[in-house]
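Chains A and B, in that order, are what the protein sequence lines are.
Residues 76 to 393 in the working numbering are what the first sequence lists, from first letter to last.
Residues 76 to 393 in the working numbering are what the second sequence lists, from first letter to last.
Derived by calculation from the structure, the hints in this document are not laboratory data.
Where hints are given, some of them may not hold.
Identical copies go unnamed one by one, so any copy, or any two together, can satisfy a pair.
No farther apart than 25 Å at their CA atoms in a straight line, the calculated lysine to any residue pairs in the SDA-like style are these [as the list claims (entries may be wrong)]:
no., residue 1, residue 2
1, Lys-267, Leu-121
2, Lys-363, Thr-297
3, Lys-347, Asp-293
4, Lys-267, Pro-130
5, Lys-331, Asn-388
6, Lys-138, Asp-342
7, Lys-128, Arg-214
8, Lys-267, Asp-333
9, Lys-347, Pro-171
10, Lys-159, Gly-294
11, Lys-387, Thr-285
12, Lys-249, Arg-328
13, Lys-387, Gly-294
14, Lys-331, Arg-104
15, Lys-387, Asp-333
16, Lys-331, Ala-385
17, Lys-249, Pro-84
18, Lys-249, Gly-143
Number of protein chains: 2
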Amino acid sequence: MNAPFPAKPRIAIVGSGALGIYYGAYLARAGHDVHFLVRTGRAAVLARGLRVKTPTEKFQLKKVPVYGSTEEIGPCDLVLVALKATSNDALKKLLPPLLGPSTLLLTLQNGLGVEEPVAEVAGPDRVMGALCYIACERREPGVVECRFPGVMTIGKFGKPAGDRTHAVASMFTKAGVKCEAQDNLEEMRWRKLVWNVPFNGLAIAAGGVTTDVIMADDGLRTLARRLMEEVVETAAKFGHVIPRSFIDLQFERTAKMDAYRPSSLIDFEYGKELELEEIWGEPVRRAKSVGASVPRMEMLYWLIRHRLAARKNTKKKR
Amino acid sequence: MNAPFPAKPRIAIVGSGALGIYYGAYLARAGHDVHFLVRTGRAAVLARGLRVKTPTEKFQLKKVPVYGSTEEIGPCDLVLVALKATSNDALKKLLPPLLGPSTLLLTLQNGLGVEEPVAEVAGPDRVMGALCYIACERREPGVVECRFPGVMTIGKFGKPAGDRTHAVASMFTKAGVKCEAQDNLEEMRWRKLVWNVPFNGLAIAAGGVTTDVIMADDGLRTLARRLMEEVVETAAKFGHVIPRSFIDLQFERTAKMDAYRPSSLIDFEYGKELELEEIWGEPVRRAKSVGASVPRMEMLYWLIRHRLAARKNTKKKR
Numbered sequence: 076m077n078a079p080f081p082a083k084p085r086i087a088i089v090g091s092g093a094l095g096i097y098y099g100a101y102l103a104r105a106g107h108d109v110h111f112l113v114r115t116g117r118a119a120v121l122a123r124g125l126r127v128k129t130p131t132e133k134f135q136l137k138k139v140p141v142y143g144s145t146e147e148i149g150p151c152d153l154v155l156v157a158l159k160a161t162s163n164d165a166l167k168k169l170l171p172p173l174l175g176p177s178t179l180l181l182t183l184q185n186g187l188g189v190e191e192p193v194a195e196v197a198g199p200d201r202v203m204g205a206l207c208y209i210a211c212e213r214r215e216p217g218v219v220e221c222r223f224p225g226v227m228t229i230g231k232f233g234k235p236a237g238d239r240t241h242a243v244a245s246m247f248t249k250a251g252v253k254c255e256a257q258d259n260l261e262e263m264r265w266r267k268l269v270w271n272v273p274f275n276g277l278a279i280a281a282g283g284v285t286t287d288v289i290m291a292d293d294g295l296r297t298l299a300r301r302l303m304e305e306v307v308e309t310a311a312k313f314g315h316v317i318p319r320s321f322i323d324l325q326f327e328r329t330a331k332m333d334a335y336r337p338s339s340l341i342d343f344e345y346g347k348e349l350e351l352e353e354i355w356g357e358p359v360r361r362a363k364s365v366g367a368s369v370p371r372m373e374m375l376y377w378l379i380r381h382r383l384a385a386r387k388n389t390k391k392k393r
Numbered sequence: 076m077n078a079p080f081p082a083k084p085r086i087a088i089v090g091s092g093a094l095g096i097y098y099g100a101y102l103a104r105a106g107h108d109v110h111f112l113v114r115t116g117r118a119a120v121l122a123r124g125l126r127v128k129t130p131t132e133k134f135q136l137k138k139v140p141v142y143g144s145t146e147e148i149g150p151c152d153l154v155l156v157a158l159k160a161t162s163n164d165a166l167k168k169l170l171p172p173l174l175g176p177s178t179l180l181l182t183l184q185n186g187l188g189v190e191e192p193v194a195e196v197a198g199p200d201r202v203m204g205a206l207c208y209i210a211c212e213r214r215e216p217g218v219v220e221c222r223f224p225g226v227m228t229i230g231k232f233g234k235p236a237g238d239r240t241h242a243v244a245s246m247f248t249k250a251g252v253k254c255e256a257q258d259n260l261e262e263m264r265w266r267k268l269v270w271n272v273p274f275n276g277l278a279i280a281a282g283g284v285t286t287d288v289i290m291a292d293d294g295l296r297t298l299a300r301r302l303m304e305e306v307v308e309t310a311a312k313f314g315h316v317i318p319r320s321f322i323d324l325q326f327e328r329t330a331k332m333d334a335y336r337p338s339s340l341i342d343f344e345y346g347k348e349l350e351l352e353e354i355w356g357e358p359v360r361r362a363k364s365v366g367a368s369v370p371r372m373e374m375l376y377w378l379i380r381h382r383l384a385a386r387k388n389t390k391k392k393r
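Next up, chain A with everything else stripped away, as it sits in the complex (with noise of 0.2 Å):
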């Protein structure tokens, strides 16, 4: 029997990005016992805090805790890890000194394979994932604008949601992040790869265009819908069924988002890392390794692998 998640928890965030900024600034307004990780950037988040601008709202909060290591936090009673899944590899040393004997993880990442790394470190019975229908960015340090809010999901890696997840999302949802525990974490997962790959993918591998170019092309279009069933295929051999109508749904959506520069096409363009394993070559290897047949997904990992070798390449040239 674990310890119920408590009603004043002790909170870490991991990771100064737009979503962990974004997360933890509503958390602290709530009255949160809130501490960030920040590395880049922590003389400005010091001297002048965390803005948050959102569609709806706009919120400043002047004094956050801000620290330059996990030892000056300490043991928490939830960690939000929230760094882009390219640098999971700091995890081994960033995740000991927060763990207390019932601290709980939660995983802001993208994509798939990406609460195993938190797991290898803490023990999968504590790691919780969560799916972000969120569209923000981060300004500058500290400084963050959503342009969709969006709702949460959240889900226990390799389990139904107990209730300490039912916690932590009531917690999130009370402080004003809509947010959901769900039981299938994996399902939900695939069931944002099937919008995640094809259009986050074919965004970057098309030459760099927004969905709109994407819906008004007839093969780009037809492209995307035999890679929603790609994964959709992929999923069933997992055993998460999955609807036809799911895919339906994605392009009416899709098509009411005019002009929508996916995430992956954001991070390409600015240079930044993006999550190549975790939305493509992660289910890639999954889909091979029950004999799914991927080719599409495949090639599409293989080109946009290159696009960023070659980006790479061409930073180290200059």
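Starting from the known structure of chain A, arrange chain B on it as the hints suggest.
Leaving out everything else, chain B in the frame of chain A:
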């Protein structure tokens, strides 16, 4: 019974790009009666003639018969169709004035479905196709530089090579252009696609890369092999058995090519038309017509088609 191919044929070259000028100049230099249709840069060709440079020789033809219309040329014994396939709509007007009772037509175009537009105008029985294994570029009107002369393989449309096909091949070889007649033109076209589909295609789709870049990237190289397998499997459905060793041979040869820039990439980067339908679109449609599975080839087709459309839109905006 067809009349034999004459010893002193009257020859028309339709199209004054690299291939038309190159082959026409060799035939003219050998003393043949060659008539050039030159629509762009005619004044320059009239004034300075033709110049050809290869790795082993260099020659100039100071005066060549140059025309602005095929009506001025009149009926010939042999017509070389050296337009880009993307201009094939023009054949309906260009070819009829060149046709006599026993005129032969040889199209130099790349890809699949290039004999058909000639056959529609001139009838199928007198159409031949050529596969030009050559790397040459037009530097300016009438001036061609050839880096790799290679060979030309010709065959009859829909039939084994007959006496006249052999006579034409022999004429080329005697004029200094290595040429052989083969019995299965369609199979030769599929064989050429085994290389062209992946390497011309990925050079564009991977963001403008030379062959050595594709060869050095594990993913792209494997993808090139999968694309070749799709071409080979489709060809097999049409009765053309291309051995797997032919694929290995392509890789051996490509490994020796160093940083080769496929012709489609050159066209793409110079903003020229390229044989999208002949190299990718038509093979995909033929594959689908016989139930062959070509997911990667289709994806490549769609990606390139989008790139071309985007390039056009960008041009319009400028």
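A quick look at each hint next to the structure:
1. Lys-267 to Leu-121: Classified as neither: same-chain Cα gap 35 Å, cross-chain 64 Å, threshold 25 Å.
2. Lys-363 to Thr-297: So Lys-363 and Thr-297 pass the 25 Å test inside a copy (23 Å) and across (15 Å) alike.
3. Lys-347 to Asp-293: Between copies only: 23 Å across, 30 Å inside.
4. Lys-267 to Pro-130: The answer is within: 23 Å in one copy meets 25 Å, while 56 Å across copies does not.
5. Lys-331 to Asn-388: Answer is between: at 23 Å across copies they meet the 25 Å cutoff, but 37 Å inside does not.
6. Lys-138 to Asp-342: neither (29 Å within a copy, 59 Å between copies)
7. Lys-128 to Arg-214: This pair counts as within: shortest intra-copy Cα distance 10 Å, inter-copy 57 Å.
8. Lys-267 to Asp-333: For Lys-267 and Asp-333, the Cα distance is within 25 Å only inside one copy (19 Å; across copies 42 Å).
9. Lys-347 to Pro-171: neither (27 Å within a copy, 59 Å between copies)
10. Lys-159 to Gly-294: Between copies only: 24 Å across, 32 Å inside.
11. Lys-387 to Thr-285: both (23 Å within a copy, 17 Å between copies)
12. Lys-249 to Arg-328: Classified as neither: same-chain Cα gap 28 Å, cross-chain 65 Å, threshold 25 Å.
13. Lys-387 to Gly-294: between (29 Å within a copy, 17 Å between copies)
14. Lys-331 to Arg-104: Classified as neither; 33 Å inside a copy, 64 Å across copies.
15. Lys-387 to Asp-333: This pair counts as between: shortest inter-copy Cα distance 22 Å, intra-copy 31 Å.
16. Lys-331 to Ala-385: between (33 Å within a copy, 22 Å between copies)
17. Lys-249 to Pro-84: Within one copy only: 14 Å inside a chain, 90 Å across chains, cut-off 25 Å.
18. Lys-249 to Gly-143: Classified as neither; 29 Å inside a copy, 80 Å across copies.
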